[in-house]
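Enquirer: These are the residues of each chain, in order.
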Amino acid sequence: MKKSKSFTILSYAVIFVLLILYIAPLILVLNVSLKSYPEYLMNPIGLVKEIQWSNYVDAWTEGNFANYFINSMIYTVVATVLTIIVSVLGAFPVARGYVKWSGFIYLFFLLSQFLPNPMVSQYKLMLSLRENLDFFGYDTKLGYIILKTSGTGVVFMLFVGYIKSISRDLDEAAGMDGSGYMRYLFQMIMPLMKPVIATGVILTAIGIWNDFVGPIMYLPSKVNYPITFGLKEFKGQYGNNWPLLACGITLVAAPLMVLYSFIQKYLVDGALAGAVKS
Amino acid sequence: MYPFGKGMARYVPLLLLLIPFALYVVFYFGPSVLTVIYSFTDVKNIPGSPVKFVGLDNYYDVFFSGNSGERWRSITNTLIFMVVVTIVQNGAALFIAVLINQRLRGDNFYRAVFFMPVVLGVSVVSLIWGMMFDPLSGPVNMLYEWLFGYKDMFFASFTHAFGYIIFVQIWMYMGYSMLIFLSGLQSVPKDLYEAGYIDGTTKWQSFRHITFPLIASSFTVNMLLSIIGAMSTFDIILATTDGRFNTRTMAYDVYKETFRGSLEMGLPSALSVVQFLMILVFVVVAVKQMRKREVEY
Numbered sequence: 001m002k003k004s005k006s007f008t009i010l011s012y013a014v015i016f017v018l019l020i021l022y023i024a025p026l027i028l029v030l031n032v033s034l035k036s037y038p039e040y041l042m043n044p045i046g047l048v049k050e051i052q053w054s055n056y057v058d059a060w061t062e063g064n065f066a067n068y069f070i071n072s073m074i075y076t077v078v079a080t081v082l083t084i085i086v087s088v089l090g091a092f093p094v095a096r097g098y099v100k101w102s103g104f105i106y107l108f109f110l111l112s113q114f115l116p117n118p119m120v121s122q123y124k125l126m127l128s129l130r131e132n133l134d135f136f137g138y139d140t141k142l143g144y145i146i147l148k149t150s151g152t153g154v155v156f157m158l159f160v161g162y163i164k165s166i167s168r169d170l171d172e173a174a175g176m177d178g179s180g181y182m183r184y185l186f187q188m189i190m191p192l193m194k195p196v197i198a199t200g201v202i203l204t205a206i207g208i209w210n211d212f213v214g215p216i217m218y219l220p221s222k223v224n225y226p227i228t229f230g231l232k233e234f235k236g237q238y239g240n241n242w243p244l245l246a247c248g249i250t251l252v253a254a255p256l257m258v259l260y261s262f263i264q265k266y267l268v269d270g271a272l273a274g275a276v277k278s
Numbered sequence: 001m002y003p004f005g006k007g008m009a010r011y012v013p014l015l016l017l018l019i020p021f022a023l024y025v026v027f028y029f030g031p032s033v034l035t036v037i038y039s040f041t042d043v044k045n046i047p048g049s050p051v052k053f054v055g056l057d058n059y060y061d062v063f064f065s066g067n068s069g070e071r072w073r074s075i076t077n078t079l080i081f082m083v084v085v086t087i088v089q090n091g092a093a094l095f096i097a098v099l100i101n102q103r104l105r106g107d108n109f110y111r112a113v114f115f116m117p118v119v120l121g122v123s124v125v126s127l128i129w130g131m132m133f134d135p136l137s138g139p140v141n142m143l144y145e146w147l148f149g150y151k152d153m154f155f156a157s158f159t160h161a162f163g164y165i166i167f168v169q170i171w172m173y174m175g176y177s178m179l180i181f182l183s184g185l186q187s188v189p190k191d192l193y194e195a196g197y198i199d200g201t202t203k204w205q206s207f208r209h210i211t212f213p214l215i216a217s218s219f220t221v222n223m224l225l226s227i228i229g230a231m232s233t234f235d236i237i238l239a240t241t242d243g244r245f246n247t248r249t250m251a252y253d254v255y256k257e258t259f260r261g262s263l264e265m266g267l268p269s270a271l272s273v274v275q276f277l278m279i280l281v282f283v284v285v286a287v288k289q290m291r292k293r294e295v296e297y
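The listed protein sequences derive, respectively, from chains C and U.
Using the working numbering, the first residue of the first sequence is number 1, and each one after it goes up by one.
Using the working numbering, the first residue of the second sequence is number 1, and each one after it goes up by one.
Mixed in with the good hints there might be a few duds.
Said to hold, decoys possible - The list that follows gives simulated cross-link-like pairs (lysine-lysine, DSS-like), each with its CA atoms no further than 27 Å apart:
(1) U:Lys44 with C:Lys5
(2) C:Lys222 with U:Lys203
(3) C:Lys141 with U:Lys190
(4) C:Lys232 with C:Lys164
(5) U:Lys203 with U:Lys292
(6) U:Lys190 with U:Lys292
(7) U:Lys203 with U:Lys190
(8) U:Lys190 with C:Lys265
(9) U:Lys44 with U:Lys190
(10) U:Lys203 with C:Lys5
(11) C:Lys194 with C:Lys265
(12) C:Lys141 with U:Lys256
(13) U:Lys203 with C:Lys100
(14) U:Lys256 with U:Lys52
(15) C:Lys164 with U:Lys6
(16) C:Lys232 with U:Lys256
(17) C:Lys141 with C:Lys265
(18) C:Lys141 with C:Lys232
It should be emphasised that the hints constitute simulated quantities derived from the structure, not laboratory data.
Remember, predicted model here, so these are calculated numbers, not experimental data.
My request is simple: use the sequences and hints to build the entire structure.
Expert: Spelled out as structure tokens, the structure:
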């Protein structure tokens with residue numbers, strides 16, 4: 001099919017304008033993060049004249065980011081690993097029909113995507129759990145991690161679909177050789193599920209790392225703040241000191257951006273899979 | 001036939017399945033059902049306080065209690081938010097997906113850039129735009145002054161703050177919708193366009209009569225995601241204005257009343273149920289409309 005040249009040029013022009021809309025804010029943040037506060041006040045958008053690397057050191061120590069970063073890592077890694085394991089434990093028997101009413105269980109789990117907002121009584125539940133247990137529930141790391149661990153979401157559905165494509169003969173063969181259920185699941189099935197597990201890990205990890213409302217509701221103590229909440233508090237403290245805040249933004253965003261550039265391909269596939277399946 | 005042992009060993013899968021089942025029932029399904037029940041009671045956020053049924057009182061209060069003027073504004077805001085986000089986000093996403101799908105050079109790079117805000121997350125995105133929209137030193141205000149000789153208060157403006165929140169929401173999730181449209185577009189067989197070209201269709205006709213019907217299923221997915229997303233997210237409001245300057249929506253109200261309001265939990269529960277019913281109505285209407293347009297090839 002013939003393409004009109006003017007249309008192609010117009011397309012590039014539109015895309016170019018949009019790219020500016022998406023990239024310019026990031027460049028601005030980097031630029032401001034290197035300015036001293038007086039220079040920023042004098043000239044907020046011009047190119048930086050004297051580069052102040054010390055801003056980053058200040059932001060890192062003042063913002064207590066080391067601590068928040070470790071917390072975020074703990075939440076993301078533990079809850080993601082748990083989510084993957086729990087989803088496999090749910091998805092495998094349902095996909096294979098090794099439990100009774102597996103069709104019904106699948107629908108019941110699917111319902112999780114359409115339920116009324118559980119926030120109100122979830123909050124009450126977390127409070128009363130903490131009331132009775134010292135280490136679990138409201139304002140505990142463990143409570144937040146367990147709340148974020150789910151074996152019934154999009155990841156579960158992705159897994160069910162994928163497991164159905166793995167041959168059942170493999171189960172029989174492993175059973176004949178006397179393999180137990182657990183061993184089969186972890187040593188045979190999970191290695192075969194690598195691509196879909198990669199997708200699941202990315203979807204879950206981004207969701208937890210970027211969770212904004214959850215920590216505000218369930219992690220009010222400073223020792224438990226993840227990095228998103230830390231950044232919010234940092235903004236509260238430094239109001240309009242944009243050079244320092246820009247350093248904070250960069251410190252929080254940089255690890256994600258680096259990771260994103262590596263896993264971009266999987267991420268795009270994963271996002272699609274998640275959206276189309278749900 | 002279950003291949004992993006006999007007797008008690010047959011119950012191992014069931015026992016392990018109980019872990020996700022219990023997590024789901026305790027932390028999501030249970031609270032969800034309880035919220036519906038709470039909406040008919042005067043339950044308070046005090047452990048051990050007596051609970052009694054109050055019928056539809058909470059629902060009455062949602063719409064007609066003391067500060068009901070603000071509630072109606074939240075409801076209007078929610079509807080505006082949903083309609084504008086759904087239309088503009090999907091419109092822009094479809095347009096850009098069609099542009100990128102012509103195999104422009106660097107299309108992977110464009111995809112990655114437009115999807116990036118989702119990766120950055122709400123806390124980073126809201127701060128970036130807080131900086132862009134800073135009334136004193138932000139570049140957008142300088143642009144406004146240079147172009148129109150006019151300055152805005154952005155997130156601190158009673159009349160405009162909500163509009164800017166909608167903009168940031170669309171900026172953040174447009175790339176997501178675009179990806180879904182792109183995957184739909186890539187599944188359209190190329191020979192259909194060639195057949196159309198031989199028959200002398202214009203670009204618009206081939207889009208309207210070939211592309212559009214064939215990507216209708218991506219359209220449905222996108223509509224559902226934006227409707228449900230726009231009706232139930234409030235993190236961007238929390239992160240930018242925290243509900244001030246006339247930017248509250250129903251989802252934000254549920255959060256606010258549960259978490260920082262009174263100890264009454266009946267009212268926010270009733271509000272959650274109303275929100276759920278509204279989502280349900282819009283989703284059903286949207287799905288019915290879209291299903292009509294879907295075709296197979």
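Enquirer: Next, verify each hint and record whether it holds.
Expert: Against the structure, the hints:
Restraint check for U:Lys44 and C:Lys5: not satisfied, since their Cα atoms lie roughly 67 Å apart, outside the 27 Å limit. Only pairs whose Cα atoms come within 27 Å are accepted, and C:Lys222 paired with U:Lys203 is rejected, the gap being roughly 58 Å. Under the criterion of a C-alpha separation no larger than 27 Å, the hint pairing C:Lys141 with U:Lys190 is inconsistent with the structure, at around 53 Å. Between C:Lys232 and C:Lys164 the CA atoms are separated by roughly 43 Å; this puts the pair beyond 27 Å, and the hint is violated.
Proposed proximity of U:Lys203 and U:Lys292 is supported: the alpha carbons are some 24 Å apart, at most 27 Å. The straight-line distance between the Cα atoms of U:Lys190 and U:Lys292 is roughly 24 Å, inside the 27 Å bound, and the hint therefore holds. Under the criterion of a C-alpha separation no larger than 27 Å, the hint pairing U:Lys203 with U:Lys190 is consistent with the structure, at around 14 Å. Among the hinted pairs, U:Lys190 with C:Lys265 is consistent with the structure: their alpha-carbon atoms are about 24 Å apart, no more than 27 Å.
Distance hint between U:Lys44 and U:Lys190 is unfulfilled; the C-alpha atoms sit about 61 Å from each other, more than 27 Å. Distance hint between U:Lys203 and C:Lys5 is fulfilled; the C-alpha atoms sit about 13 Å from each other, no more than 27 Å. Between C:Lys194 and C:Lys265, the direct Cα distance comes to roughly 15 Å. Compliance with the 27 Å bound is thereby established for this hinted pair. A hinted pair counts as satisfied when its Cα atoms are at most 27 Å apart, and C:Lys141 with U:Lys256 qualifies at roughly 23 Å.
Between U:Lys203 and C:Lys100 the alpha-carbon distance is near 54 Å, which puts this suggested pair outside the 27 Å criterion. Annotation: proposed proximity of U:Lys256 to U:Lys52 holds, straight-line Cα distance about 23 Å (limit 27 Å). The straight-line distance between the Cα atoms of C:Lys164 and U:Lys6 is roughly 23 Å, inside the 27 Å bound, and the hint therefore holds. Taking the CA atoms of C:Lys232 and U:Lys256, the gap is about 18 Å. The hint holds against a cut of 27 Å.
Between C:Lys141 and C:Lys265 the CA atoms are separated by roughly 32 Å; this puts the pair beyond 27 Å, and the hint is violated. A threshold of 27 Å between alpha carbons decides the hint, and for C:Lys141 with C:Lys232 the separation of about 19 Å falls inside it, so the pair holds.
Violated hints, in rising order: 1, 2, 3, 4, 9, 13 and 17; the structure is consistent with all others.
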